[in-house]
Amino acid sequence: MAAAPFYKALSPGAQRWLLNLRYCWGRLRQAAARTVIEACDEIEDHVYADRPGLFAHLRLVFPNRAPESICADWLQALCLMREVAEKTDVCTWTMEPKEGEIDYYLEQILQFMQAMEKQQEVKQPICTPEFQRRARKAPKAQKLRFIAQMTDTFSEGE
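Each residue of the sequence shown is one higher than the one before, counting from 58 in this note's numbering.
Keep in mind that the hints were calculated from the coordinates and are not lab data.
Incorrect hints may appear among the rest.
As the list claims (entries may be wrong) - In the DSS-like style, the derived pairs of lysine-lysine whose C-alpha atoms are separated by at most 30 Å in a straight line are: (1) Lys155 <-> Lys194; (2) Lys155 <-> Lys197; (3) Lys197 <-> Lys175; (4) Lys155 <-> Lys180; (5) Lys144 <-> Lys155; (6) Lys194 <-> Lys180; (7) Lys194 <-> Lys175; (8) Lys200 <-> Lys175; (9) Lys200 <-> Lys155.
Claimed, not checked - FRET-style restraints, in silico, Cβ to Cβ: (10) Gln72 <-> Asp107: 11 to 21 Å; (11) Pro182 <-> Cys136: 45 to 55 Å; (12) Asp209 <-> Phe188: 17 to 27 Å; (13) Ala205 <-> His114: 27 to 37 Å.
These figures come from a predicted structure and were not determined experimentally.
Glycine included, each C-beta is placed from N, C-alpha and C at the ideal position.
With the sequences and hints as input, model every part of the structure.
Next comes the structure, spelled out in structure tokens:
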């Protein structure tokens, strides 16, 4: 959904919920079922509102996929989320990392930290070789917490 050109036209509640979906990788998220249902309805309305414009945008963002297929996937996911939300008061979700993703994202964050410290000419860097070694050897759950904390820090302005 991050590729949706109508994102900025969504209500603040639907935008927050969509960001929660985006940042659910490796962590538990939750929202009131009513919020989920309203956001699903709003997003579905936008998917149907300007199909030619949406398809043109999706062709640019995903040149190797058919826009009809992307929209069908979105609508199917919205239907499933709405169906689940109608049976509860609070919805919870998480996206489990795929094999190798934790180490990949850990490396991305460590490289980013090093670049930031170098650019800012930090006198006492945090991302020392010892810090990196310990981060790489940490248990999976600890790596996930670190990645989540860092990505939350990076996304606070959204």
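So, going through the hints one by one against the coordinates:
A C-alpha spacing of about 18 Å is found between Lys155 and Lys194, which places the hinted pair at or below 30 Å, so the restraint holds. Between the alpha carbons of Lys155 and Lys197 the distance comes to roughly 12 Å, so the proposed pair stays at or under 30 Å and holds. Restraint check: the Cα-Cα separation between Lys197 and Lys175 comes to about 28 Å, which is no more than 30 Å; the hinted pair holds. For a cut-off of 30 Å, the pair hint linking Lys155 to Lys180 is broken: about 37 Å separates their Cα positions.
At roughly 29 Å between alpha-carbon atoms, Lys144 and Lys155 fall within 30 Å of each other, so this suggested pair holds. Only pairs whose Cα atoms come within 30 Å are accepted, and Lys194 paired with Lys180 is accepted, the gap being roughly 26 Å. In summary, the hint linking Lys194 to Lys175 is supported, as the alpha carbons are separated by about 24 Å, within the 30 Å threshold. Between Lys200 and Lys175 the alpha-carbon distance is near 23 Å, which keeps this suggested pair within the 30 Å criterion.
Only pairs whose Cα atoms come within 30 Å are accepted, and Lys200 paired with Lys155 is accepted, the gap being roughly 14 Å. At roughly 18 Å, the beta-carbon separation of Gln72 and Asp107 lies within the given 11 to 21 Å, and the hint holds. A beta carbon spacing of about 49 Å between Pro182 and Cys136 agrees with the range 45 to 55 Å that was offered as a hint. Roughly 19 Å separates the CB atoms of Asp209 and Phe188, a value that falls within the hinted 17 to 27 Å.
Here the CB-CB span from Ala205 to His114 is close to 30 Å, well matched to the stated 27 to 37 Å.
The structure fails to meet hint 4 from the earlier list, while all remaining hints are met.
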